[in-house]
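So you can see what is in the structure, the chains are spelled out below.
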Amino acid sequence: MRRVGLALVLALLPAPLRARELELGLENFYYRTAPTLLNAGNVLGLAGREDLLRGTLRYREALGASVRLVASGYVQRRLGARGDTEWKARQAYVQWSAGELLTVRAGRQRIAWGSGFAWNPTNRVEAPKNPLNTSLEQQGALAVRLDLVPSAWSGLTLVAARSVIESGDLPFAVRQPARRTAALRARFLVKDTDLALVFSGGAGQRTLVGLDLGRTLGAVALHAEAAAYRGAEIAPPRDGQRFLRLVAGLLWTRGEHLTLSAEYFWNGEGYLDPRRQDWLGRLRTSAALAADPLAPPELRQRAAAEYLATAGIPFAAGLGLGRHYVQGSWTSRLSAGRWTTSARAVLGLSDGSLALTPGLEWAPRGDLTLAVDAITLLGPAESEFRLAPLRTALQARLKVHF
Amino acid sequence: MSRLLLLALLAAPAAPPDPTALLQRAEKAVLGENAVYTMRMGVQRPGKPERVVEMKGFKKGDERGLLRYTDPPKERGTAYLRVAGSTWLWLPSAEKAVRVGAKQNFGGGDFSNGDIFRLSLSRDYVATLAGAESALGQECWKLELKARDRSVAYDRVLMWVRRDGTDFPVRIEYFTLSGRKLKWLTFSDVGRLGAHTRPRLLVMESALESGQRTELRFLTIDDNPRLEDRLFTPSALERGE
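Chains A and B, in that order, are what the protein sequence lines are. At position 266 of the first sequence the residue is numbered 275 (the numbering used here), and the sequence of numbers has no breaks. At position 21 of the second sequence the residue is numbered 25 (the numbering used here), and the sequence of numbers has no breaks.
Chain A extracted, bound-state conformation (with noise of 0.2 angstroms):
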């Protein structure tokens, strides 16, 4: 709370024009919710409708030439079966350049790279994005990153990070133990290709190698997005098998009007269907042992618990727990701006899934937005999708800005 009230004291201090943003925003996200095979008994403890209500704060102040403080964060009020109040950082850090050569950045903060749109393979430094809604803000990691820019042609970007993989804007929490996280990327601009290389590892996660490459050509952007890794991140562990995780997509703009995109994620270590039928029978046991009320206590305890853990695998996947997934996106700026229209969709190939989220966005001034997203959750019963304990999702933000 301390760094909240921080940010809001740095904010109310006089400064040059424009040396200082602010924006200030007002977030609800209802959710209707579903008994579904990951929530057997209601053990998230969800309510029909669930609710999550959020004042947001987003400041970003620059000192002089060489410094510059960025912080954004939320509190929020859940409202559904449970009524509790929580407050969030999502970015906290203060940068220090020294010209162009070197920048420094220190605290809470986004990494956000990869030039992948929904998934980022190289990227395991931070919570991955919400393929669904990739234009929600997302939680940042604790991290100190180091941007060395020798040339005009290469760049090499060091990260020391610790990071928590939540289940950020959802209406339950489903946490992950933290994990510390060491990064590198060398960026290269060859032949008006960009491509970098990115090597990452750390505790309590697989040491990858990656490989990022984008080009236009024409009208078009290409980029495709790869890591390689030993052992496999999604349950069962497979210690001694490699996998690999492959991005490619292009975008088509015309101009700031519209924007078409389309992306394959090839997931290696995904499940095929054998190893799905697999866990929704060990999801579909333990849930039935551990609801058992002639079964002997302790079973029924180490049922619950097995259920617990064999639940958590698709949170804990982070990118996805199906092979193969399509995502489509297409955007339209109308009236001058004034109206955004969007439809994106998101398709697992390997079991039929499909997530359709249509969006509108008002702009009625230069300094206020209106967003609405919803979410819909469709496919066969028990695929990837519908196993989540949600149907739709109607999530609104209003941002103000000084």
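Don't read these hints as lab results, they were simulated from the structure. Any given hint could be a false lead.
Unchecked claim - Listing some non-contacts, in silico: residues in chain B with all C-beta distances to chain A over 10 angstroms:
# : residue
1 : 68
2 : 80
3 : 196
4 : 221
What the hints assert, rightly or not - Computed footprint of chain A on chain B; a stretch qualifies when at least three of its residues, placed anywhere within it, have a C-beta under 8 angstroms from a C-beta of chain A:
# : segment
5 : 92-101
6 : 108-119
7 : 179-191
8 : 227-238
Stated by the list, open to error - Ranges of calculated distance between the beta carbons of each label pair, as one might list FRET restraints:
#  : chain 1 : residue 1 : chain 2 : residue 2 : range
9  : A       : 175       : B       : 97        : 17 to 23 angstroms
10 : A       : 365       : B       : 28        : 52 to 58 angstroms
11 : B       : 205       : A       : 107       : 34 to 40 angstroms
12 : A       : 376       : B       : 223       : 17 to 23 angstroms
13 : B       : 97        : A       : 84        : 19 to 25 angstroms
14 : B       : 201       : A       : 35        : 28 to 34 angstroms
Quick reminder that beta carbons are idealized off the backbone N, C-alpha and C, glycines included.
On the provided structure of chain A, position chain B as indicated by the hints.
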């Protein structure tokens, strides 16, 4: 005698200029080799409110350009970076730089990314002198520019450059490969800005959609900034200004 010689020299028709040299002088009339500038862009569409954004720009040589939106507040932080044939768009909400095509229109207006960032027409086009004629009330040299290859947005460009010694461009027309006129650009409001006198208002009008126009008004220009090449990198976009 010397007065007579001077009068004779003044009365003689001016010798046709070298078209390439004239083009090189004309394209530096607004922004020189290196510049830091601020400008306001107004995008006008029939029946719709004008979209106005303000930007701060950095230009270094013929290869490097960077533009950051400074107003309205909701768009602040959005930035375009151009290095040779590559253009990136920085999205502050996603904290990410994405590549975009150079031929796409800039900021939702009638300028393309290439128009905004094409800092050397003489590099991309072969210029020939197509005569002398009046444009917008000014006596001008008319230049015809043919694309050196198909990587540029327009196959043919016509350019009118003032003959009064200033070499200020007055009008530019852009054509497709099929010979269709796409749009035209006019330079006006000549006056002092920064260290020089120059056109301060550029208006691009669509030849295909009646009433579609985009105004670029330069507000400040610093002609002698010291700019490092490293300013023009995706890393600089991430760092912010």
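Holds or violated: is the Cβ of residue 221 (chain B) farther than 10 angstroms from all Cβ atoms of chain A? 17 angstroms, holds
State, for the Cβ atoms of residue 376 (chain A) and residue 223 (chain B), whether the hinted interval 17 to 23 angstroms holds or is violated. 20 angstroms, holds
Starting from the range 52 to 58 angstroms, see whether the pair residue 365 (chain A) and residue 28 (chain B) falls in it by beta-carbon distance. Because 54 angstroms falls inside the window, the suggested range holds.
Minimum C-beta separation from residue 68 (chain B) to chain A exceeding 10 angstroms: can you confirm that? 8 angstroms, violated
Could you tell me whether the CB distance from residue 175 (chain A) to residue 97 (chain B) stays inside 17 to 23 angstroms? 20 angstroms, holds
Against chain A, does residue 80 (chain B) keep a CB gap of more than 10 angstroms to every residue? 6 angstroms, violated
Within the segment 227-238 of chain B, is the number of residues with a Cβ closer than 8 angstroms to a Cβ of chain A three or more? holds (count 7)
Could you see if the CB distance from residue 97 (chain B) to residue 84 (chain A) stays within 19 to 25 angstroms? 21 angstroms, holds
Can you confirm whether chain A covers the segment 108-119 of chain B, using C-beta to C-beta distances below 8 angstroms and requiring at least three such residues? Since three or more residues must qualify, the claim that chain A covers the segment 108-119 of chain B holds, with 6 doing so at under 8 angstroms.
If you count the residues of the segment 179-191 of chain B with a beta-carbon closer than 8 angstroms to a beta-carbon of chain A, do you get 3 or more? violated (count 0)
Chain A versus residue 196 (chain B) - minimum CB to CB distance exceeding 10 angstroms, so not interface: Residue 196 (chain B) clear of chain A: closest Cβ-Cβ about 24 angstroms, beyond 10 angstroms.
Given the hint of 34 to 40 angstroms, check if residue 205 (chain B) and residue 107 (chain A) actually sit that far apart at their C-beta atoms. 39 angstroms, holds
Consistency note: the structure conflicts with the earlier hints numbered 1, 2, 7 and 14.
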